[in-house]
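Protein chains in written order, with my numbering: chain P, 1 to 392; chain E, 1 to 95.
Calculated directly from the structure, the hints in this document are not laboratory data. Please read these numbers as outputs of a predicted model, since none were measured by experiment. Keep in mind that the hints are not guaranteed to be accurate.
Derived DEER-like restraints, expressed as beta-carbon distance ranges [claimed, not checked]:
{"#": "1", "chain 1": "P", "residue 1": "Gln386", "chain 2": "E", "residue 2": "Asp81", "range": "22 to 28 Å"}
{"#": "2", "chain 1": "P", "residue 1": "Thr253", "chain 2": "E", "residue 2": "Gln40", "range": "25 to 31 Å"}
{"#": "3", "chain 1": "P", "residue 1": "Ala259", "chain 2": "E", "residue 2": "Ala80", "range": "38 to 44 Å"}
{"#": "4", "chain 1": "E", "residue 1": "Val72", "chain 2": "P", "residue 2": "Asp364", "range": "31 to 37 Å"}
{"#": "5", "chain 1": "E", "residue 1": "Lys71", "chain 2": "P", "residue 2": "Pro351", "range": "43 to 49 Å"}
{"#": "6", "chain 1": "E", "residue 1": "Ala80", "chain 2": "P", "residue 2": "Ala167", "range": "51 to 57 Å"}
{"#": "7", "chain 1": "E", "residue 1": "Ser21", "chain 2": "P", "residue 2": "Gly323", "range": "46 to 52 Å"}
For glycine and all other residues, C-beta sits at the position ideal for the given N, C-alpha and C.
Listed here are the chains, written in short residue letters.
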Amino acid sequence: MLSRRQTLAGLGALAAAPAWAREARLGFANGDRPYTSAFAEKGEMILQRTRAPLLETPFEVFDEGVFTPNDRFYARWHYQDIPLSVDPRAHRLKVTGAVNRPLSLSLAELLKLPRVELAAVNQCSGNSRGHVGPRVAGAQWGHGAMGNALWTGVPLKAVLERAGIKAGAVAVRFGGLDEPPPDAPRFLKSLAVDHALDGEVMIAFAMNGASLPLLNGYPLRLVVPGWFSTYWVKALSTIEVLDAADDNFWMKTAYRIPATADGGVAPGTSQFESVPINTMPPRSFVTNLRDGAVVPPGPRALRGIAFGGASAVAKVEISRDGGASWLPAALGPDQGRYGFRRWEATSDFAPGTATLAVRCAAADGRVQPMRGVWNPGGYLYNAVEQLKVRVA
Amino acid sequence: MKVLLLSALALAASVTFKPKSFDYPADPPGLPDSAELVTQNCTGCHSSEFLAAQPKLSRATWAAEVAKMRKVYHAPIDPADDAKLVEALVALRGE
C-alpha cells in the first residue's frame with residue numbers, strides 16, 4: 001500500500017508544492033493556477049476564471065476512471081450572466097422557425113419522448129491552448145477542459161419530428177439561458193439539418209445518471225457526439241429551424257478554423273479560408289505518470305485514456321524513445337465509440353532518462369501528430385503527449 | 001431492447017429535478033493600482049484572472065483585443081482611453 005506522500009511523489013510535478021501554496025502546474029509559461037472548491041455542485045477544480053466561470057478538471061481525475069464525475073467536470077461559460085437559478089418546473093424548451101408546429105415543451109413533456117443514452121467526450125475547442133506554440137490569446141487551459149460522461153436524453157430528432165421541419169430548412173440553431181451584455185450577440189450555435197436529424201444528437205437531461213450540475217447546463221444541454229463542446233449548448237431553451245445559413249457571430253466569425261486538412265496554418269498567419277470548427281481529432285494521455293517524474297528502474301505499469309474524437313479508438317501506441325519506435329498498448333473495455341477508453345501497457349525502464357510518448361489512431365484514419373497544429377484561435381490541439389522521465 | 005427501455009425508465013425515476021441556484025464566489029484580489037484602467041474597463045464583464053493568466057502578448061494583439069471588445073461585445077470603452085488602456089495591458093502581460 002502506497003502512502004499518500006509516495007503516490008504524490010510518483011506524480012512528479014505535484015510533489016514539490018507545500019499544501020499552503022498548492023497550485024496546479026499546467027506545464028507552460030504563466031501556467032500556475034489556484035485550486036477552488038467555492039463553486040456550487042463542484043469539488044476541487046482548477047480556477048481559470050471566476051466570472052464568467054472557467055473551471056478546469058485537475059488532471060489526476062482522469063486516472064480514476066473513464067467517466068469524469070459530475071462534480072469534477074470542467075465548466076466554461078462565455079458571458080457572466082449565466083442562469084443563477086433554474087426552476088425545472090418553469091423551464092420550457094421552445095422550438096420555432098421553419099416548422100409546422102412550434103413547440104414549447106416542459107421537462108415533463110420532454111421526459112415522455114423516446115430515450116437515448118451514450119458515452120461521449122465533451123471537449124472545449126480550446127482545450128490545451130496553453131500548450132499551443134507560439135502562444136495565442138484566450139483561455140489558457142491545460143489538458144483538463146474535457147470530460148467523458150454517460151449522457152441520457154431525448155434524441156433531438158424526436159423533438160424536431162414532433163415539430164415537423166418544413167421543406168427547405170437548412171440549419172437548426174440552439175440557444176440557452178445565458179444572456180449577453182447589452183448589445184452583444186447572444187451565444188447561439190447551429191448544426192446542419194441532416195446532422196440535427198442523425199438520431200445521435202441528443203437533448204440530455206442527465207449525465208452519469210444524475211441531473212446536470214447547473215454549471216454544466218442544468219436542466220438540459222445539447223450533446224453532439226464527436227463534435228467540440230461549443231455546439232453542446234447549455235441550459236438549452238431555444239431551438240430555431242432556419243431556412244438560410246446561420247450568419248450569427250458565433251458561427252460566422254467566432255470558432256472558425258482554417259479550411260486546411262488538419263486545421264492548421266503556419267504560425268502567425270491571419271488570412272485564410274475558414275470553416276466553423278466541427279469534429280474532434282483523436283487524443284491520448286498517460287494518467288499515472290507526470291512529466292518530470294522520477295521512477296525506479298525496471299518494469300512499470302503504465303495506463304491512461306484515449307479517445308478517437310469523431311470515431312472510435314482504433315489503436316493506442318506507446319513509445320519510450322520520444323516517438324522513434326512504437327509498441328501497441330492494450331485497450332480496456334469499449335464503453336462507446338465517442339467516450340474515453342482506458343489503455344494499459346508495461347514498460348521496462350533502464351537507468352537514465354526516457355521520453356515516454358502515447359499516440360492514438362482513430363477508426364476514421366486520423367492520427368495524433370507529433371507537433372500540434374497552429375491556428376490563431378488555439379483550437380484543435382492534439383499533439384502526441386511526451387513525458388520526460390528520469391529513471392534512478 | 002426491453003432491458004434498455006427498462007433501465008432508461010429506472011434512470012428517469014432516479015434523476016431528480018429540483019430548483020437549483022448558483023452564487024458567484026467573490027472575485028479574486030484586484031489587479032495592481034498601476035492597472036486601474038484595466039480594472040475599470042475590463043473587469044465589469046469578466047474577472048481579472050483571465051487577464052493575468054494570458055501569455056505575453058504583443059502590443060498589436062492587445063490593441064486588437066480592445067478593438068474586439070468594443071466592436072463585438074459593445075464594451076463601453078472610451079476611445080480616448082484606448083492608447084493608455086493598451087499600454088496598461090502591455091505593462092500587465094506584454095511582450
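Structure-based check of all given hints:
Range check, P:Gln386 to E:Asp81: Cβ separation about 44 Å, and the 22 to 28 Å hint is violated. A beta carbon spacing of about 27 Å between P:Thr253 and E:Gln40 agrees with the range 25 to 31 Å that was offered as a hint. At roughly 40 Å, the beta carbons of P:Ala259 and E:Ala80 sit within the given window of 38 to 44 Å. Range check, E:Val72 to P:Asp364: about 34 Å between beta-carbon atoms, so the 31 to 37 Å window is met.
E:Lys71 and P:Pro351 have their C-beta atoms about 58 Å apart, which leaves the hinted 43 to 49 Å range violated. The supplied range of 51 to 57 Å is met by E:Ala80 and P:Ala167, whose beta-carbon atoms lie about 54 Å from each other. Evaluation of the 46 to 52 Å hint for E:Ser21 and P:Gly323 yields a pass: the beta carbon distance comes to about 49 Å.
The earlier numbered hints that this structure contradicts are 1 and 5.
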